[in-house]
Amino acid sequence: MNRLQSVVILGATSAIATAVARELAEHGARLFLIARDGERLETLLQDLRVRGDDASGTRILGTTADLADIDAHADVWAQAQEALGNNIDAVLLAWGTLPDQEACNASVATTLEAIHVNGTSGIAFLARIAPDFEQRGRGVIAAIGSVAGDRGRQSNYVYGTAKGMLATYLQGLRNRLFFSGVDVVTIKPGFVRTPMTEGFNRAGALWAEPETVARGIVKAMRRGSDVAYLPWIWWGIMTVIRLIPEYLFKRLKL
Amino acid sequence: MTTSWNRIPRVAHAAEVTLNRRGQPLPGASHPLLAYGLGRSYGDVCLNPGGSLLHTRDLDRFIAFDPDTGRITAEAGLTLDDLLRFAVPRGWFVPVVPGTRFVTLGGAVANDVHGKNHHHAGSFGEHVRALTLRRSNGECLEVTPDGTPDWFAATVGGLGLTGLIETVTLQLIPVRTPWMRAWSQRFDSLDEFWELDARAEREWPYTVAWIDCLNPGPRGEIGRGIYSGARHATTAPARNQYREPRRAIPLDPPVSLVNRVTLRLFNQLYYRQSVHPTARAVHHLPWLFPLDAIRHWNRIYGYKGFYQYQCVLPPHAQKDGMQALLDAVAASGQGSFLAVLKRFGDRAGPGMLSFPRPGATLALDFPERGNETEHLFRRLDRIVQEAGGALYPAKDARMSPELFRSGFPRWEEFASFVDSEFSSGFWRRVTK
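Residue numbers (our numbering), protein chains in the order written: chain A, 1 to 254; chain B, 1 to 432.
Everything labelled a hint here was simulated from the structure, so no lab data went into it.
All clues given are correct.
Quick list of the computed label-pair ranges, beta carbon to beta carbon:
(1) Glu142/B to Met196/A: 30 to 40 Å
(2) Gly38/A to His276/B: 53 to 63 Å
(3) Glu374/B to Gly152/A: 50 to 60 Å
(4) Arg128/A to Gly50/B: 52 to 62 Å
(5) Gly38/A to Glu372/B: 58 to 68 Å
If you only want the chain A side, here are some residues facing chain B, beta carbon under 8 Å, derived:
(6) Arg40
(7) Thr43
(8) Leu44
(9) Gln46
(10) Asp47
(11) Val50
(12) Pro195
(13) Glu198
Predicted model, so just to flag it, every value in this text is computed and none were measured.
C-beta: ideal position from N, C-alpha, C; glycine also.
With the hints as constraints, model all of the structure from the sequences given.
Below, the structure written as C-alpha cells:
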C-alpha cells in the first residue's frame, strides 16, 4: 500500500482531478495543485481547505501554469517539491483536452497541437520527474490516459494517438522504475460525465460520474496497480474491441 | 430529457447550460432562464419549457466553514448529502432536511423546504444567514435577513425566480453523534393521531406520521397509521457501524408497479411493520431519508410518471379537513403509496411564497391515470381551498392560478422581485 499523504495533481481543475483532490483532502493529505486558470484554481483550493480542515492554507497549496508549455515544467516541479518538503508520495497527471476530430482532420497544426497537449507534454513532464522518483526509490506516478488510446477509431483517433503514446511511455517507465520500487499507474477512464464531454448524449449505463472514477483512481494509486480501467467494465469492453480483426474494424463506424 | 422527479410534465428546453464558476455571466437572454439543481422537486417548478436551464450541479464548492460556530458558506449546487458527509463527522448537522438528501442548497432555499422537525426548527430559510444572488443584468446582490429583508423574503421560497442563487451561508446545528433516538407507535384514527401529536411534539424535535389511506381502522374510518418521533442521540450505540443499503430500481418497468392491488398490499404490510414504542438508537440516514436507500425509486411508476399532492391546512380547519381529504382519497380507490401527515409549528416560513405555515400538511402520491387522477385532485383542491389552505409549489404540476393566488396571497408583492429574464413552467402557469 502506498501512502498518499503528499500528492501533486497537475491539471487539477479538471472534473476527475478535482474529485481525486477532494477525496485526498478529506483523508488529510497535503496537496499541491497545478492548473491553468488562476481563478478556478483559487476556488478549488478554497473548497479543498474546507474539506481538508486547512483553514490556514498551509497544507493545501497550488500554482498556476500552462502545462502544455514544457518550459514551465522545471519551475512547476521545483515549486511542488518545495511546497511538499521534498517528500512527494505521488504525482497525478490529469491535464488534457478533448480535441475535435473534424477540426484535426482539417488542420495539421491542430492535430499536432492536440497530440502535444494530451501526449508529448505529459511525456516531457514524466521524463523530468522520473529520475527524482528513481533516486528516492519509492512513490507513485499516475497519469490519466483513456480507453480511446487502446485502438484508433475514425471518430477520435488524434486524442487516441496521444493517449496511446502516453500509455506506451508509462508502460516502459513502469518497467524501468519497478526496479527502484516506484509504482507507475496508467488510468484509463471510459465515458465520464465531465465538462469535457458536455454535448454528448450522456444517458446510459456506460457513463460514470467523476466521483466514481476518482475513487477508483485513489484506490489504484494506493495499491500501485499497473493499469486501471475505470469503471472496471471497460477492461472487458476494450478487450473485445482490441480483438476485432482490423479488416473488420476498419469497416465499422465507431 | 431533463424532467423533475415525478417525470410530469415532459417538456423540451431551448438550451441547457452547465455553470461551473460563480460570477460567470449568465447566457444571453433570448429565452427565459431558470436554475436546475438535482431535479428532485415535482412538476414544473424546476422546468422551463421553451426556455433555458442553468445546471448548477458543478457549482458545488465549499467556501468557508467556522468549526467553532458551525456556520458554513458554499456554492448553491452543493448537495445536502455532501454537506452532511462533511458536517456530521465534525459534530454538526443540517438544521432542516427534507425527505431526501439529494437536493442542492439552492433548491432547499428556493423552495424553503421543511422537514420532520418543522415544529421545532422551522423551515430551511430560517437558518440561512446570507446568500448571493446573480441577476440577469450582471448585478450580484448580497442578500441577508437583516440587511436586505425584502430580497431575502423574496428569494427564500422564491422558486428560483429572483435570479441565480450562487452561494448560501447556513447555520448548522451541533450534534454529538450520527445517531438518533427514535420510537414509533400505531394509531387507529386521526383523532388518535392529534392526541399523540400534541403529546409528542413538545418532547421530540422530529415527528412524522404515515397514514394508511386505503384500509380503515377498527372503527371503520380511514386514518390509521404509524407515528414516529426522534431526536439526535447524545451517545452512539455500542454497535455504531452503519452502512446504508444501496439498492436501485434499474430501469422503467413497462407499466406502473403501483396499482390497486400492490397499493392495498403495501399499505397493509407497512401498517403491520414492527413498531418500537420505546426509543432506540437508529442511524440518521434511514430515519430521515428512508427512500434514499432506493436510488431511482421514481421509476416504479413507469415511464408515465406520477403526481405528488401536498397541501397545508390552517389549524382551525386541519382536523375536519384532513379527514375529508383522506375520505375523498379512499372513496376514489386510488390510494397513495406513502401518505405523510405532519403538523407544522406555529411560525410561517420567512419567504413571501414559503409553503410552511401554522397548520398541518399532508403529502400523497398517485400514479398518472389521466382524467381519473385529475378528477380526484379537483375534489381535493376544493377541500383545500374551502379550508383556506395551500398546495406546495415544489410538488405541483397542475394547480390552478386561483388556488395558487389564494394559497400565496403575497404573490403580487413577490412578482415585483422576479428577475425579468427568469421564469419557470410553474410561474407562467399560475400567473396566467
